[in-house]
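So the protein sequences, as listed, match chains A and B.
As numbered in our numbering, the first sequence has no gaps in its residue numbers, which increase by one up to the final residue, 476.
As numbered in our numbering, the second sequence has no gaps in its residue numbers, which increase by one up to the final residue, 1382.
Worth flagging that the hints you see were computed from the coordinates, not collected in a lab.
Just to be clear, a hint being listed does not mean it is correct.
Claimed, not checked - Straight-line alpha carbon distances no greater than 30 angstroms define the calculated DSSO-like cross-link-like pairs of lysine-lysine that follow:
#: 1; chain 1: B; residue 1: Lys1266; chain 2: A; residue 2: Lys241
#: 2; chain 1: A; residue 1: Lys24; chain 2: B; residue 2: Lys1002
#: 3; chain 1: B; residue 1: Lys1053; chain 2: A; residue 2: Lys341
#: 4; chain 1: A; residue 1: Lys457; chain 2: B; residue 2: Lys1327
#: 5; chain 1: B; residue 1: Lys1014; chain 2: B; residue 2: Lys1029
#: 6; chain 1: B; residue 1: Lys1327; chain 2: A; residue 2: Lys437
#: 7; chain 1: A; residue 1: Lys34; chain 2: A; residue 2: Lys341
#: 8; chain 1: A; residue 1: Lys168; chain 2: B; residue 2: Lys1374
As the list claims (entries may be wrong) - Just a few of them, taken from the derived set where beta-carbon distance is under 7 angstroms, the chain B residues facing chain A:
#: 9; residue: Ala1012
#: 10; residue: Asp1013
#: 11; residue: Asn1052
#: 12; residue: Gly1066
#: 13; residue: Arg1069
#: 14; residue: Gly1264
#: 15; residue: Ser1265
#: 16; residue: Lys1266
#: 17; residue: Pro1319
#: 18; residue: Leu1372
Since the structure is predicted, the reported quantities are computational estimates derived from the model, not experimental observations.
Yeah, the Cβ is synthetic: ideal placement off N, Cα and C, and Gly gets one too.
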Amino acid sequence: MAVVGGLSTFKGGHYFGDFEGRPKSDLQVFRPPKRALIPLRQQGFIRGEHIKTWAEPKALVAVGDMVKTGQIIARDDEALCSPVHATISGKVTAIESQEHPFGESTQVVIIESDNKDDWVELDNHADFTGLSADTLSQILYETGVTGLGLEGFPSAFNSGMAEPGSIKHLVINAIQTEPFVDGDEDLIYDEFDKLVTGIRILRQALGNVEVHIGIGWNKPRIIEEIETRIPQEWCYVHPLKDKYPQGEDEVLLRTILDLSVPAGGVPSQVGALVCDVQQAVAAYDAVLEGKPFVERVVSVSGTALQNPSNMKLRIGTPLNDFIKLSEDGSTVLGGVMRGVKVADLKVVSVLRDTKSIVALKHPRKALTAVSEPGFRRDSYTNVYAVIPGLTKIADDGLHGMDRACVRCGYCFDVCPQNLAPITIADHAKQDQLEDCKELDIGACVECGLCSYVCPSKIPVMTLIQEGKAKIAEEEG
Amino acid sequence: MKRLQDLHHNLADKIDNGLHSLEEGLRKKGGFVGRFDVIVEGVRDAVLGGTNKTVKQAPYLRDSIGMQRYMIMPIVVCIPLLLMAIYLYGWRTMVVVGVTYAFGVLAELIFVMVRKHEITEGVLVTCMLYALFLPPTIPLWMVAVGIVFAVVVGKEIFGGTGYNIFNVAIVGRAFLLISFPVELTTQWLEPLTFAASSDSLSWLGGFLHFASSPDAATTATPLQLMKFEGEVTPFLDLFLGIRAGSLGESSMLLMLIGTAILVGSKIADWRLTVVMMLSIGAFGQFFNLLIPDVFRGDGLFMMMTGGAFYAALLHITDPVTSCMSQKGKIILAILVGLLTVLIRNLTGYNEGVTFAILIGNMFVPLLDRMTLPKSFAGEAKT
Chain A
1 MAVVGGLSTF KGGHYFGDFE GRPKSDLQVF RPPKRALIPL RQQGFIRGEH
51 IKTWAEPKAL VAVGDMVKTG QIIARDDEAL CSPVHATISG KVTAIESQEH
101 PFGESTQVVI IESDNKDDWV ELDNHADFTG LSADTLSQIL YETGVTGLGL
151 EGFPSAFNSG MAEPGSIKHL VINAIQTEPF VDGDEDLIYD EFDKLVTGIR
201 ILRQALGNVE VHIGIGWNKP RIIEEIETRI PQEWCYVHPL KDKYPQGEDE
251 VLLRTILDLS VPAGGVPSQV GALVCDVQQA VAAYDAVLEG KPFVERVVSV
301 SGTALQNPSN MKLRIGTPLN DFIKLSEDGS TVLGGVMRGV KVADLKVVSV
351 LRDTKSIVAL KHPRKALTAV SEPGFRRDSY TNVYAVIPGL TKIADDGLHG
401 MDRACVRCGY CFDVCPQNLA PITIADHAKQ DQLEDCKELD IGACVECGLC
451 SYVCPSKIPV MTLIQEGKAK IAEEEG
Chain B
1001 MKRLQDLHHN LADKIDNGLH SLEEGLRKKG GFVGRFDVIV EGVRDAVLGG
1051 TNKTVKQAPY LRDSIGMQRY MIMPIVVCIP LLLMAIYLYG WRTMVVVGVT
1101 YAFGVLAELI FVMVRKHEIT EGVLVTCMLY ALFLPPTIPL WMVAVGIVFA
1151 VVVGKEIFGG TGYNIFNVAI VGRAFLLISF PVELTTQWLE PLTFAASSDS
1201 LSWLGGFLHF ASSPDAATTA TPLQLMKFEG EVTPFLDLFL GIRAGSLGES
1251 SMLLMLIGTA ILVGSKIADW RLTVVMMLSI GAFGQFFNLL IPDVFRGDGL
1301 FMMMTGGAFY AALLHITDPV TSCMSQKGKI ILAILVGLLT VLIRNLTGYN
1351 EGVTFAILIG NMFVPLLDRM TLPKSFAGEA KT
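One chain only, chain A, in its complex shape (with noise of 0.2 angstroms):
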């Protein structure tokens, strides 16, 4: 074990300070729900062409079964998806279509609790170090494990877009910096020692690859106690400045690797698989404890809630269970930076990679926008003359006018992957895909700075993105 390469970041992006709303600190179990609404389509990042749209898997209960806690309830061994399961034991009530909250719609399984929360009897394998790398990735795949991430944890059963084998370098991904959230840093505290054992499941699952670790550089205590507890030569822990977007795949592994993710690419091209803290714990549940992936870590934040804090919350519970908007606001699901906004609190649900749920309170219109100091705004700019050690406020308005650009630059400084964003968005806006491919679009990640930079207030993001759907009707 070694720390290496002192504390790196990379060109680009943009310090958010600590913002008002943030989770307390303690972890909140939350109950399991009444009722769970469960969508069986498996949501990726869409990047590009080189990415496969993630499958549905075929429902294998039906209207009327009993179901319990951690039941496969629909699996398709075939198409690139993990099983999906039963999060609480009761009746499958309906099973129907609906809009999937990131687009295109989709199967829901919707169960109603019968309060027992009856768990299925899995094997337990309180030493796991004889088994194999197939036996730990079969586990891994049937407790739903593998759908974590982004491409998912490749195994026999066509779970990730790697090919098992290819891969050399496990990324454990302990560094989250999109503001809001920080669900991971409690998962660090209260569940080190399951951490430590996932990432050493991970590992050997993966058949014994070099493991590096991405972690915030503010955790000393973390990293001498992973120096302790982790003492072989096969992981190395990499101090990163917490510099958003940090946690992105393609950014981290260049920063901690110098590994280039092609255009559009994944991480497992270049022959690196990035799982985060939330894989490692539910791997050890998995694999000690015979329990399936059925709840998570939530970082449920924002101005406009009474309570934000770092929610235990079963996958499939519906948000209007436990967000309790204090004043109208507007709910996102997925973050801030990329989520989508929820209109109905009551349809939508949490899902397997939910890592944040942000309420934030709607802007109130103000006299003195130009000329006040502004000493908790947030801003890439230093107009406002904030009071460092002061929470930011954060709200969900525009905060200026449309305007055409006036070429700034602040796009192209912030972007991480030195992209030209507001060239790029012009020619996607005019439909020249010819120079959008010529410019690199595959390469953008999508981590939203160049739109939450713009003084004119330019969708930036959004054209890219249109852009990129273009293209890929475009090539069919």
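Place chain B on chain A using the hints.
Leaving out everything else, chain B in the frame of chain A:
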């Protein structure tokens, strides 16, 4: 505190609703009167810089800076320069600024009403930069002609703020410089602080005067003194700005403070301001050592005279007419610095920075294409 905030927000709501209904009313009337709705909209935007518009697409968190805050920063930096100009040349400076704003905004309004797009903040910056870059004796009708030309030909016929290829204020100044060379290059005034009197309040300088007396002798700028008479203006005078020149261009001290504000707040990129100044200094020094007969004055003198610093702080940093990529900004700044030194010494226009910026602007589209950032993504495996 909370109650005070609520009061403020409610007041803002009331004002905005009032203006909104006025705007709607005008729009309903249609015809000529209906065209005035853009003015009400402009006032509404200006008064309520922060709207309560919400974000429609991800990311749902947006930067607090809007175009109004962005555009007000150069004006903030200009206010000390304006006070300095009053101190040096009297209250007539304010009349020049007033005439500029009146005609500049009027020209913008007419275009906005005809073309039915919204009023943009750019014109407010343009007027300020243009006015402070004029000689103190400029006739007022010339001020008006120049700013109307700048706004109409420099900006509006290209499509408004964001689409112009030349710096708008510089277009106005260049137009005057070519059309009225005598008024623009020979009628310089000694600063009023020089007219030492027995008055105990004489340290107030121009704040006590409207303008220099009409029969006051004209003088030459430090660059002209150097070029034609080989006379060096003392360093301290140059640094504080007690020398003949355009209204706001003279004080290096205030400009340094302005640089700290603009560059520190990221509104102006240091790659433009700092590199352009270094380029002027380096090329000035280099040519001075090489051909001292033609290139008079060393690098430091080149940096501190004329409108060099003023243009480096406020004109080249105009985002619309400078490069977008960081590399492009550096190349543009070096180019403009070189052109400034060459034009000053090799042509009849010894305040060469105006044309240097104009020529630099022409290179921007080319530089933008040449310096597109190279993506960090790896080569795709086939």
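Hint by hint, here is what the structure shows:
no., hint, verdict
1, Lys1266/B - Lys241/A, "holds (22 angstroms)"
2, Lys24/A - Lys1002/B, "holds (24 angstroms)"
3, Lys1053/B - Lys341/A, "holds (15 angstroms)"
4, Lys457/A - Lys1327/B, "holds (25 angstroms)"
5, Lys1014/B - Lys1029/B, "holds (23 angstroms)"
6, Lys1327/B - Lys437/A, "holds (22 angstroms)"
7, Lys34/A - Lys341/A, "holds (24 angstroms)"
8, Lys168/A - Lys1374/B, "holds (27 angstroms)"
9, Ala1012, "holds (4 angstroms)"
10, Asp1013, "holds (5 angstroms)"
11, Asn1052, "holds (5 angstroms)"
12, Gly1066, "holds (2 angstroms)"
13, Arg1069, "holds (6 angstroms)"
14, Gly1264, "holds (6 angstroms)"
15, Ser1265, "holds (4 angstroms)"
16, Lys1266, "holds (4 angstroms)"
17, Pro1319, "holds (4 angstroms)"
18, Leu1372, "holds (5 angstroms)"
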